[in-house]
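Number of protein chains: 2
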Amino acid sequence: MDTSEKIGKIDIPKKAIYRLSIYYRCLQKLKANEVETVSSTTLAKAAGVKSAQLRKDLAYFGQFGTRGLGYPVDILLSTIRDTLGREHLQPVILVGAGNLGSALLRYHGFEKEGFEVVAAFDANPDAARSRGVLLAVYPDSDLESFIGENSVKLAILCVPVEFAQAVVNRLVAAGIQGILNFSPIVLEVTPDVTVNNVDLALELEHLSYFIR
Amino acid sequence: MDTSEKIGKIDIPKKAIYRLSIYYRCLQKLKANEVETVSSTTLAKAAGVKSAQLRKDLAYFGQFGTRGLGYPVDILLSTIRDTLGREHLQPVILVGAGNLGSALLRYHGFEKEGFEVVAAFDANPDAARSRGVLLAVYPDSDLESFIGENSVKLAILCVPVEFAQAVVNRLVAAGIQGILNFSPIVLEVTPDVTVNNVDLALELEHLSYFIR
Chain A
2 MDTSEKIGKI
12 DIPKKAIYRL
22 SIYYRCLQKL
32 KANEVETVSS
42 TTLAKAAGVK
52 SAQLRKDLAY
62 FGQFGTRGLG
72 YPVDILLSTI
82 RDTLGREHLQ
92 PVILVGAGNL
102 GSALLRYHGF
112 EKEGFEVVAA
122 FDANPDAARS
132 RGVLLAVYPD
142 SDLESFIGEN
152 SVKLAILCVP
162 VEFAQAVVNR
172 LVAAGIQGIL
182 NFSPIVLEVT
192 PDVTVNNVDL
202 ALELEHLSYF
212 IR
Chain B
2 MDTSEKIGKI
12 DIPKKAIYRL
22 SIYYRCLQKL
32 KANEVETVSS
42 TTLAKAAGVK
52 SAQLRKDLAY
62 FGQFGTRGLG
72 YPVDILLSTI
82 RDTLGREHLQ
92 PVILVGAGNL
102 GSALLRYHGF
112 EKEGFEVVAA
122 FDANPDAARS
132 RGVLLAVYPD
142 SDLESFIGEN
152 SVKLAILCVP
162 VEFAQAVVNR
172 LVAAGIQGIL
182 NFSPIVLEVT
192 PDVTVNNVDL
202 ALELEHLSYF
212 IR
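Chains as they are written, first to last, in the numbering used here: chain A, 2 to 213; chain B, 2 to 213.
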């Protein structure tokens with residue numbers, strides 16, 4: 002079997018992509034500490050996965066580690082970086098600059114990972130600006146033209162739940178392909194669009210089940 | 002087999018608990034619209050899962066739906082509520098009131114789902130207050146006494162990544178059993194503690210892989 006064919010995006014499971022990002026961060030720390038090779042056991046422990054899982058994930062890239070010597074940190078880093086496409090800064094828009102949306106805009110935690118929030122949109126831009134948002138806030142009627150003119154593919158969605166699906170339909174029609182959704186709703190999109198849900202209340206509910 | 006034994010927390014898989022929360026929300030909407038019974042197909046579609054998955058999840062509670070009539074909304078609601086323990090307002094503390102932490106405190110999205118953030122802790126409470134946090138912000142040296150005196154079991158962790166593990170060790174020693182972790186680090190905890198990770202940059206990375 003030609004392993005080079007396995008590097009395509011189709012062949013790596015969706016869950017494995019998350020783990021690759023985590024391995025990448027661990028490897029960056031190892032490199033910063035001038036570590037040249039790492040065993041599967043050590044890397045798996047740092048990433049919080051089982052060794053067997055790690056070996057299976059890295060096997061998507063073909064044969065890698067040298068038995069007894071471990072994985073070469075530098076080569077593994079560049080292979081994962083190429084796969085994840087981390088070399089490009091991705092422009093992101095944020096839609097819905099209410100309490101959570103404007104909080105996320107003040108957070109600035111995305112930039113250091115290679116994402117730039119280039120604009121925010123809200124039905125009431127003046128209200129958003131009054132919440133201390135320093136980024137340009139446009140009326141949501143400008144969504145389609147902005148997405149088209151700036152070739153934006155990623156959007157963070159923080160609109161009230163009752164507007165979420167309608168806004169998503171507009172985003173997808175305008176060319177958005179990836180949505181980070183903070184609204185507690187199951188969004189319907191076409192198969193070529195990826196939605197990742199971040200539902201903070203759901204996470205707390207889940208935790209509270211396990212602490213009883 | 003006695004199905005009543007299957008309602009215990011041990012027998013429902015961790016992933017299924019997330020889905021139960023989502024079914025619960027969908028059922029609440031149905032009840033608000035005065036719908037009395039719902040088919041597995043309809044409920045599954047609203048929750049964004051396959052019908053077979055829904056039927057499997059609800060089978061943890063024993064025999065439920067009546068063939069051809071669907072599930073009784075009221076009974077299913079109360080059964081899931083009892084299972085998730087949603088009837089109690091859970092006190093939560095937030096540790097690390099920096100950019101993201103103070104943003105979450107301003108968000109107020111947890112309360113409507115039954116969680117109250119009762120206090121925030123920071124190494125520098127004055128700086129946190131200057132970020133507009135209105136909640137009581139205590140120095141982190143007060144963590145142990147506050148957790149003990151108020152029987153807090155849930156914590157939201159937003160401290161800088163280099164302090165995260167040390168803070169978690171203190172939280173767990175003081176009695177915290179569930180942690181919603183926003184630091185991009187794999188935390189090590191004992192098996193009786195549950196950690197759910199919310200990593201916003203990781204979610205964006207994951208999306209950007211699929212939009213290329």
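Any given hint could be a false lead.
It does not matter which identical chain is meant; a pair holds if it fits inside one copy or across any two.
To be verified - Below 20 angstroms or equal to it, Euclidean Cα-Cα: the simulated DMTMM-like pairs (lysine to aspartate or glutamate) are: (1) K15 - E163; (2) K16 - E204; (3) K15 - D75; (4) K15 - D127; (5) K57 - D141; (6) K113 - E163; (7) K154 - D193; (8) K32 - D141; (9) K46 - D75; (10) K46 - E150; (11) K32 - E114; (12) K46 - E117; (13) K154 - E117; (14) K46 - E163.
By construction, these hints were calculated from the structure, which means they are not laboratory data.
Against the structure, the hints come out as follows:
Taking the shortest alpha-carbon separations for K15 and E163, neither the intra-copy value of 28 angstroms nor the inter-copy value of 29 angstroms comes in at or below 20 angstroms. When the C-alpha separation of K16 and E204 is checked against a cutoff of 20 angstroms, the pair qualifies both within a copy, at 18 angstroms, and between copies, at 11 angstroms. Taking the shortest Cα distances, K15 and D75 never come within 20 angstroms of each other, neither inside one copy (24 angstroms) nor across copies (36 angstroms). Within a single copy, K15 and D127 get their C-alpha atoms no closer than 39 angstroms, and across copies no closer than 43 angstroms, so neither meets the 20 angstroms cut-off.
For the identical chains of this complex, K57 and D141 are neighbours neither inside a copy (44 angstroms) nor across copies (41 angstroms), given an alpha-carbon limit of 20 angstroms. In this assembly of identical chains, K113 and E163 lie within 20 angstroms of each other by CA distance solely across copies; the values are 16 angstroms between and 32 angstroms within a copy. For a Cα distance limit of 20 angstroms, the shortest separation of K154 from D193 inside one copy, 12 angstroms, qualifies, whereas the shortest one across copies, 41 angstroms, does not. Taking identical chains as interchangeable, the C-alpha atoms of K32 and D141 are never at most 20 angstroms apart, the minima being 44 angstroms within one chain and 32 angstroms between chains.
Taking identical chains as interchangeable, the C-alpha atoms of K46 and D75 lie at most 20 angstroms apart only when both belong to the same chain, with a minimum of 19 angstroms there against 45 angstroms between chains. With identical chains, the CA atoms of K46 and E150 are never at most 20 angstroms apart, being 44 angstroms at best within one copy and 35 angstroms at best between copies. Proximity of K32 to E114 under the C-alpha cut-off of 20 angstroms is restricted to the intra-copy arrangement: shortest distance 17 angstroms within a copy versus 43 angstroms between copies. In this assembly of identical chains, K46 and E117 lie within 20 angstroms of each other by CA distance neither inside one copy nor across copies; the values are 31 angstroms within and 34 angstroms between.
Taking CA atoms no more than 20 angstroms apart as the test, K154 paired with E117 passes inside one copy only; the shortest distance there is 12 angstroms, against 36 angstroms between copies. In this assembly of identical chains, the alpha carbons of K46 and E163 lie at most 20 angstroms apart only when taken from different copies (17 angstroms versus 42 angstroms within one copy).
Comparing the model with each numbered hint stated earlier shows that hints 1, 3, 4, 5, 8, 10, 12 do not hold.
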